[in-house]
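Numbering (my numbering), first residue to last: 39 to 171.
Where hints are given, some of them may not hold.
In silico DSSO-like links for lysine-lysine, alpha-carbon gap of 27 Å or less [unchecked claim]:
| id | residue 1 | residue 2 |
| --- | --- | --- |
| 1 | K158 | K64 |
| 2 | K158 | K115 |
| 3 | K102 | K64 |
| 4 | K60 | K129 |
| 5 | K102 | K115 |
| 6 | K129 | K102 |
| 7 | K129 | K115 |
| 8 | K60 | K102 |
| 9 | K93 | K129 |
| 10 | K158 | K129 |
| 11 | K60 | K158 |
| 12 | K129 | K64 |
These are computed hints drawn from the structure, not numbers from a lab.
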Amino acid sequence: AGGARYDLIFDVPGNHPFSACKRVLKPEGRYVLIGHESFGAAGKRVLGILPYFFKLMFLSRFVKQLRGPGLPYPTRKEAMAVLGELLETGKITPIIDSTYPMSQAPEAFRHMIEDELHGKVILSCSAGPPAAP
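Construct the complete structure from the given sequences, taking the supplied hints into account.
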């Protein structure tokens, strides 16, 4: 089955099954679970996202797209430098649903709660009209 294949997937909400992500990863691609218990369906379980983390830790011994525990990780400063370079060169692009000025924070919050989002909602510290959702 064709379709797009990705080098890297950051699962920020932690609500995408690894099996679904693995299907769209390149063989040498990487899956990184950022995940937070209060995001996605994981927040509704008694133990939160912990069972999923443990499952991925176990699978990392057999699946090369998962980085196993004990391997060296870059420092936060190194990771942010690489992320900044990827953003600057256009190799990765954040998906932004809408941008609101700080003065319209309540409207931005309402949009996040009530509407279907197709990316991140940004609160801007600079003046200007909000971008259309």
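Which hints, by number, does the structure contradict?
Of the numbered hints given earlier, the structure breaks just one, which is hint 9.
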